[in-house]
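Just so you know, the sequence shown maps onto residues 38 to 251 in my numbering.
Some hints could be false.
Calculated pairs, BS3-like style, for lysine-lysine (alpha carbon to alpha carbon, straight line, at most 30 Å) [what the hints assert, rightly or not]: (1) Lys202 <-> Lys96; (2) Lys68 <-> Lys42; (3) Lys180 <-> Lys151; (4) Lys129 <-> Lys222; (5) Lys222 <-> Lys68; (6) Lys68 <-> Lys144; (7) Lys180 <-> Lys40; (8) Lys96 <-> Lys42; (9) Lys202 <-> Lys151; (10) Lys222 <-> Lys151; (11) Lys40 <-> Lys144; (12) Lys94 <-> Lys40; (13) Lys222 <-> Lys96; (14) Lys94 <-> Lys144; (15) Lys151 <-> Lys96; (16) Lys94 <-> Lys222; (17) Lys144 <-> Lys129; (18) Lys129 <-> Lys68; (19) Lys151 <-> Lys94; (20) Lys180 <-> Lys94; (21) Lys202 <-> Lys40; (22) Lys42 <-> Lys222; (23) Lys151 <-> Lys40; (24) Lys180 <-> Lys144; (25) Lys202 <-> Lys231; (26) Lys68 <-> Lys94; (27) Lys129 <-> Lys231; (28) Lys231 <-> Lys42; (29) Lys40 <-> Lys96; (30) Lys151 <-> Lys129; (31) Lys202 <-> Lys222; (32) Lys151 <-> Lys231; (33) Lys202 <-> Lys68; (34) Lys129 <-> Lys40; (35) Lys129 <-> Lys96.
FRET-style restraints, in silico, Cβ to Cβ [unchecked claim]: (36) Lys40 <-> Glu165: 38 to 46 Å; (37) Thr217 <-> Cys174: 15 to 23 Å; (38) Glu158 <-> Tyr51: 34 to 42 Å.
Everything labelled a hint here was simulated from the structure, so no lab data went into it. We treat Cβ as the ideally placed atom computed from N, Cα and C, and that holds for glycine.
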Amino acid sequence: MQKEKTILFLHGFYASGQCVPAVALREAFEKRANVLTPDLPLHPHDAIRLIRDICDKEKPDVLVGNSCGSFYAQMISPIVGIPALLGNPHFKMSDFLRERIGNHQYKSPRADGKQDFTIDEQLISEFEELEAHQFDCCNIYNKDRVWGLFGEEDTLAHFEPLFLKHYMNSHHFPGGHTPTAEQFKTWYCPLIEKLLLDYPITEDRVNDFHASRK
């Protein structure tokens, strides 16, 4: 029996596992795949640890990110050998946060019920630390396995040129930084399906990945 596909979605900074793109993804792949949409911790090192733990336990077939979630997906994909779709990746989260120091609320409900959070210099420094090394693990193996999807009306992140310095496949959709449910289903989901089809997780692929890391 063929293994059920697993998709791991990583939400943006102000979002949660119940944000519009996450819900749209679960709806689109209902009965076709196991879709994981966890709430990510505020602090980036905690978020990375959680994502790595999920990858180790659940063995996802593809990573899908949006904004800050794409920042994480890009770093983790080459480490774990899983293809990724980066929606509107924000590769300079420290700049984004520096303009927003203070108290905030998440824009979608969190499982723990905690909706308030604070952006401070410590948090900014933590993101800066990761940004300095975010492309260190890029390699030939995953150069064509990490795809970018960029909104033509995105006013927050403009990192396609930086993305193309490291990866080959860039796509566009007629939307803003956070896609609507309809945009997600129309533009994100077909690319997710193609990644699942083109780069299935197999024993041979795992062996090739490990060989490329030596």
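To see whether the hints hold, each was checked on the structure:
For the proposed pair Lys202 and Lys96, the alpha carbon gap of about 28 Å is at most 30 Å, so the pair holds. At roughly 10 Å between alpha-carbon atoms, Lys68 and Lys42 fall within 30 Å of each other, so this suggested pair holds. Restraint check: the Cα-Cα separation between Lys180 and Lys151 comes to about 38 Å, which exceeds 30 Å; the hinted pair is violated. This hinted pair checks out: Lys129 and Lys222 have alpha carbons roughly 27 Å apart, not beyond 30 Å.
With a C-alpha separation of about 15 Å, the suggested pair Lys222 and Lys68 falls inside the 30 Å cut-off, and the hint holds. For the given pair, Lys68 sits about 28 Å from Lys144 by alpha-carbon distance, which is consistent with the 30 Å threshold. Using a Cα cut-off of 30 Å, the hinted pair Lys180 and Lys40 holds, with the two alpha carbons roughly 26 Å apart. Of the supplied pair hints, the one linking Lys96 and Lys42 holds, its CA atoms being roughly 9 Å apart against a limit of 30 Å.
Using a Cα cut-off of 30 Å, the hinted pair Lys202 and Lys151 is violated, with the two alpha carbons roughly 38 Å apart. Proposed proximity of Lys222 and Lys151 is supported: the alpha carbons are some 29 Å apart, at most 30 Å. A distance of roughly 34 Å separates the Cα atoms of Lys40 and Lys144; the hinted pair therefore is violated under the 30 Å criterion. For the hint linking Lys94 to Lys40, the alpha-carbon distance of about 15 Å falls within 30 Å, and the restraint holds.
Distance hint between Lys222 and Lys96 is fulfilled; the C-alpha atoms sit about 23 Å from each other, no more than 30 Å. Proposed proximity of Lys94 and Lys144 is supported: the alpha carbons are some 28 Å apart, at most 30 Å. Proximity of Lys151 to Lys96 is assessed by CA-CA distance (about 28 Å); at most 30 Å being required, the pair is judged to hold. A distance of roughly 27 Å separates the Cα atoms of Lys94 and Lys222; the hinted pair therefore holds under the 30 Å criterion.
The hinted pair formed by Lys144 and Lys129 meets the criterion: a straight-line CA distance of about 21 Å does not exceed 30 Å. Between Lys129 and Lys68 the alpha-carbon distance is near 36 Å, which puts this suggested pair outside the 30 Å criterion. With a C-alpha separation of about 26 Å, the suggested pairing of Lys151 with Lys94 holds against the 30 Å cut-off. Our distance criterion of 30 Å between C-alpha atoms is met by Lys180 and Lys94, whose separation comes to about 25 Å.
A distance of roughly 35 Å separates the Cα atoms of Lys202 and Lys40; the hinted pair therefore is violated under the 30 Å criterion. The hinted pair formed by Lys42 and Lys222 meets the criterion: a straight-line CA distance of about 18 Å does not exceed 30 Å. Only pairs whose Cα atoms come within 30 Å are accepted, and Lys151 paired with Lys40 is rejected, the gap being roughly 35 Å. Taking the CA atoms of Lys180 and Lys144, the gap is about 33 Å. The hint is violated against a cut of 30 Å.
Restraint check for Lys202 and Lys231: satisfied, since their Cα atoms lie roughly 23 Å apart, inside the 30 Å limit. The hinted pair formed by Lys68 and Lys94 meets the criterion: a straight-line CA distance of about 21 Å does not exceed 30 Å. A hinted pair counts as satisfied when its Cα atoms are at most 30 Å apart, and Lys129 with Lys231 qualifies at roughly 28 Å. Taking the CA atoms of Lys231 and Lys42, the gap is about 13 Å. The hint holds against a cut of 30 Å.
At roughly 11 Å between alpha-carbon atoms, Lys40 and Lys96 fall within 30 Å of each other, so this suggested pair holds. As the CA atoms of Lys151 and Lys129 are separated by approximately 26 Å, the hinted pair is consistent with the 30 Å bound. Among the hinted pairs, Lys202 with Lys222 is consistent with the structure: their alpha-carbon atoms are about 28 Å apart, no more than 30 Å. Taking the CA atoms of Lys151 and Lys231, the gap is about 36 Å. The hint is violated against a cut of 30 Å.
Simply put, Lys202 and Lys68 have alpha-carbon atoms about 37 Å apart, too far for the 30 Å limit, and the pair is violated. In summary, the hint linking Lys129 to Lys40 is not supported, as the alpha carbons are separated by about 37 Å, beyond the 30 Å threshold. Of the supplied pair hints, the one linking Lys129 and Lys96 holds, its CA atoms being roughly 28 Å apart against a limit of 30 Å. Between Lys40 and Glu165 the beta carbons are some 39 Å apart, a value that agrees with the proposed interval 38 to 46 Å.
In this structure the supplied range 15 to 23 Å is violated for Thr217 paired with Cys174, their Cβ-Cβ distance being about 32 Å. Taking the beta carbon of each, Glu158 and Tyr51 are about 19 Å apart, not inside 34 to 42 Å as hinted.
The structure is inconsistent with the numbered hints 3, 9, 11, 18, 21, 23, 24, 32, 33, 34, 37 and 38, although it conforms to all the rest.
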